[in-house]
Amino acid sequence: MSVDTQAQPTQPVKVKPGNIQLDQNGKLRHFLAIEGLPKTVLTQILDTAESFATPREHHGKKVDLLKGHTIANLFFEPSTRTRTTFELAAKRLSADVLNINISASSSSKGETLLDMLRNLEAMHIDMFVVRHGSSGAAHFIANNVPSHVSVLNAGDGSHEHPTQAMLDMFTIRQHKPDFPSLRVAIVGDLMHSRVARSQIHALNTLGVGELRVIAPQTLLPAGVEKLGVQVYQNLEAGIKDVDVIIMLRLQRERMHGAYIPSQGEYFRLYGMTEQRLKLAKPDVIVMHPGPINRGVEMDSAVADGPHSVILEQVSNGIAVRMAAMAMTMRNPDGSSAV
Amino acid sequence: MSVDTQAQPTQPVKVKPGNIQLDQNGKLRHFLAIEGLPKTVLTQILDTAESFATPREHHGKKVDLLKGHTIANLFFEPSTRTRTTFELAAKRLSADVLNINISASSSSKGETLLDMLRNLEAMHIDMFVVRHGSSGAAHFIANNVPSHVSVLNAGDGSHEHPTQAMLDMFTIRQHKPDFPSLRVAIVGDLMHSRVARSQIHALNTLGVGELRVIAPQTLLPAGVEKLGVQVYQNLEAGIKDVDVIIMLRLQRERMHGAYIPSQGEYFRLYGMTEQRLKLAKPDVIVMHPGPINRGVEMDSAVADGPHSVILEQVSNGIAVRMAAMAMTMRNPDGSSAV
Amino acid sequence: MSVDTQAQPTQPVKVKPGNIQLDQNGKLRHFLAIEGLPKTVLTQILDTAESFATPREHHGKKVDLLKGHTIANLFFEPSTRTRTTFELAAKRLSADVLNINISASSSSKGETLLDMLRNLEAMHIDMFVVRHGSSGAAHFIANNVPSHVSVLNAGDGSHEHPTQAMLDMFTIRQHKPDFPSLRVAIVGDLMHSRVARSQIHALNTLGVGELRVIAPQTLLPAGVEKLGVQVYQNLEAGIKDVDVIIMLRLQRERMHGAYIPSQGEYFRLYGMTEQRLKLAKPDVIVMHPGPINRGVEMDSAVADGPHSVILEQVSNGIAVRMAAMAMTMRNPDGSSAV
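Residue numbers (this note's numbering), protein chains in the order written: chain A, 7 to 344; chain B, 7 to 344; chain C, 7 to 344.
No wet-lab data here; the hints were simulated from the structure. Check before you lean on any hint, since a few could be wrong.
You can't tell identical chains apart in this list, so a pair holds if it fits in one copy or across any two.
[What the hints assert, rightly or not] Dumping the calculated DSS-like pairs for lysine-lysine here, alpha-carbon to alpha-carbon at most 25 Å:
(1) 73 <-> 97
(2) 68 <-> 97
(3) 284 <-> 246
(4) 33 <-> 73
(5) 182 <-> 73
Throw the hints in and build the complete structure from the sequences for me.
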């Protein structure tokens with residue numbers, strides 16, 4: 007039996023990311039978690055991404071910002087989809103990209119993680135994009151790199167997935183720029199979702215008007231209400247008059263067994279339909295981090311319908327990751343490279 | 007037992023590729039099949055490839071034609087060899103290349119093919135190079151992309167493999183430019199060969215003088231004579247006085263069992279030898295799509311002999327794929343990018 | 007049981023590399039082995055690498071030296087670590103890089119090695135970086151490529167690993183430039199080490215003052231004393247007053263069974279400790295090709311201590327591989343490309 011490193015509900019990780027993520031000038035140094043970052047930095051990420059999210063007419067242009075810099079994707083958990091977006095972001099900034107297959111390389115020779123990092127740094131890798139099944143892994147790595155190397159968290163356990171949250175914020179801002187006036191609902195497996203955790207921190211930091219989470223009891227983490235959200239177990243009540251609905255992905259391994267009775271039952275109670283969507287604001291937008299389980303989290307009429315901004319999220323993901331890379335890249339003396 | 011998706015003899019696919027492959031100005035928009043393309047377009051592909059098939063003295067030069075464009079190799083069937091030629095062609099045009107391992111990515115998460123395409127398009131992938139075990143797969147994808155995305159067929163089931171056929175035409179034209187005066191023989195497993203199907207359409211469209219196919223009854227598709235070819239079951243008779251001999255690859259899974267009695271018997275009846283080559287024109291050229299099964303389809307004296315143009319085919323494959331990429335690449339508004 | 011191609015102690019390979027490695031002007035043409043290369047060429051490699059080993063302040067600069075050239079990594083033995091260093095070196099020279107997964111490609115289709123090489127050459131691959139479990143493989147390939155294609159040996163069986171040896175020479179020269187005045191000790195599994203074989207040839211060619219090898223009898227190749235070294239079985243005696251200590255990696259498969267009684271016993275007799283290091287010169291440097299087995303070949307206090315230059319070796323590996331690539335790359339007419 008293989009271990010599902012994302013499946014364990016974990017306590018909120020006790021990291022104080024504020025210090026390590028910012029340099030002495032308050033600029034983004036690593037991007038590990040939304041928690042602990044001030045609103046000014048989140049807004050700066052969105053503004054920088056804006057400059058990369060050029061209209062499609064210009065997408066043939068590459069920028070040379072990170073030419074000569076090398077970015078390594080360290081994926082301890084496989085994820086072609088997420089890796090691809092980071093790879094594309096790096097290439098569009100003209101950086102060199104190295105995909106390191108962890109299981110195939112060091113671990114088979116019994117090398118420690120720290121020795122592997124030291125070696126990659128010695129090869130003048132400038133940035134690590136880290137995905138790992140354990141909460142806190144990216145922080146651990148960031149705590150162990152020299153001042154000219156940056157770390158981006160591409161998802162760590164059930165802790166955070168900060169670039170995903172920021173591409174969601176970017177997408178919301180494109181449609182509804184005034185966060186304080188917004189009512190937002192996050193629907194689904196809050197318990198195991200690093201995406202949701204990052205989204206909640208981001209929305210609160212950006213001053214969202216009202217934040218609701220909607221899930222069956224079995225998929226709600228203990229103490230979720232302390233995160234500044236209103237908890238609903240009933241979908242219809244929860245999405246009433248909201249401006250934004252964020253659907254979470256239901257992991258396949260949660261579709262059977264203890265968490266929900268069945269996919270059909272889940273859809274009956276929590277699946278988004280056109281009918282239900284009428285309960286929200288008329289101009290509500292519907293989001294999903296992908297890939298969608300059609301007929302489980304939502305039906306296709308919603309996924310492909312006029313309220314869906316799911317594919318915009320994907321496009322914005324490239325721009326936001328370009329922004330995170332450009333902002334955190336360091337010169338050899340530790341100063342900001344861009 | 008694993009399923010061999012190429013092994014099923016299929017009926018000719020009922021696609022009308024003419025429309026979808028050309029834009030309203032009659033320019034190549036996708037490159038999915040030879041069938042349905044007019045002679046002018048095939049000639050334009052050859053002429054464009056000519057401009058990329060620079061003499062070796064210049065091969066150190068890259069062209070910047072597709073700089074800033076992104077091409078994704080979507081290989082649902084693994085083929086390092088074919089993928090490599092497309093990857094090299096893209097890099098020599100300065101495009102960014104993304105190799106998507108299909109089994110490793112979406113399918114494991116249960117994503118539908120269309121959702122995967124939508125996501126890749128949202129990441130501003132401009133072109134898909136598709137290889138798939140099912141006939142018609144590239145057409146299906148081309149029918150489902152927006153106007154700024156192009157599709158190249160790198161082999162679909164037993165249907166077509168158009169870039170392979172065009173590199174063969176390119177190689178023939180380099181040696182013997184007057185197609186109407188040529189007598190060409192295609193030898194081997196016609197039944198399962200997408201390459202042969204594309205070659206037959208290309209040779210007929212380019213107005214070849216006489217086209218023969220040579221194979222045992224078990225490896226001849228039903229109704230092959232309707233494709234405008236003369237059928238021979240005897241190799242010696244078939245290659246008499248021909249200008250060009252195209253040997254097909256005998257797939258390993260056909261070497262035993264129902265299709266041929268044995269490799270040795272196949273070679274005895276259909277293997278190309280120096281002796282037999284004397285029956286053809288004195289300046290006959292011998293072609294093979296590779297990789298060769300030496301001692302099965304031909305002996306080494308032929309493969310490495312003065313009549314063989316097999317390695318020229320490989321070189322020309324890069325130029326022809328560069329041509330197909332440059333001609334089909336679109337701007338965001340759907341107009342031709344080059 | 008899988009075959010360990012590196013595990014067989016082999017006789018010194020009977021290749022005369024001098025001729026094939028140099029062109030008629032005495033310039034480096036392939037880089038296959040240290041044995042047979044004159045001191046002038048080794049020094050030229052070190053000097054060229056020096057020009058690429060710019061201080062970290064400049065590492066953001068790429069050089070365009072090999073732009074438009076294509077380098078293929080042919081790794082018949084998997085080694086992410088070594089492949090990565092060659093890939094980075096190639097990218098920093100602006101070459102295009104192709105990673106060919108050997109088992110996944112040709113061999114599954116029964117293609118011969120020579121046919122695969124011919125095909126890659128026809129695709130205008132300019133250089134092969136070859137790693138192979140059999141001694142002499144890189145020589146075999148170099149003997150079978152045309153005059154415009156170069157071959158770099160990235161490790162062949164238990165024969166040689168010349169770029170590793172040259173990065174070691176580079177590192178020694180940075181710290182202690184006068185080879186004739188140096189006393190160097192190589193410690194560990196001499197029997198199976200292609201690295202050690204290359205190091206011994208390099209140190210002797212560069213005129214090292216005194217060269218010692220230290221290993222238990224079971225890990226000493228027969229006739230090692232003919233290579234111009236002094237043999238010690240006692241570590242303390244062997245490292246007395248040396249300037250440089252090169253620790254070899256103990257392969258996992260030798261840690262149990264016939265070669266050494268146990269890891270603990272090996273460390274007790276041959277492991278490097280701070281205490282033992284005091285027997286050497288006060289400014290001794292300690293080297294290791296990585297990855298280190300901490301607590302087997304050396305303890306962490308040595309690996310991370312002030313005498314260790316292990317991470318410098320890694321950095322220098324990029325510069326030395328850039329030098330080997332730039333020096334051997336050929337124009338289509340066979341002349342030196344750089």
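Verification of the hints:
1. 73 <-> 97: both (9 Å within a copy, 11 Å between copies)
2. 68 <-> 97: both (8 Å within a copy, 15 Å between copies)
3. 284 <-> 246: Within one copy only: 9 Å inside a chain, 75 Å across chains, cut-off 25 Å.
4. 33 <-> 73: Classified as within: same-chain Cα gap 21 Å, cross-chain 32 Å, threshold 25 Å.
5. 182 <-> 73: Close neither inside one copy (35 Å) nor across copies (35 Å); limit 25 Å.
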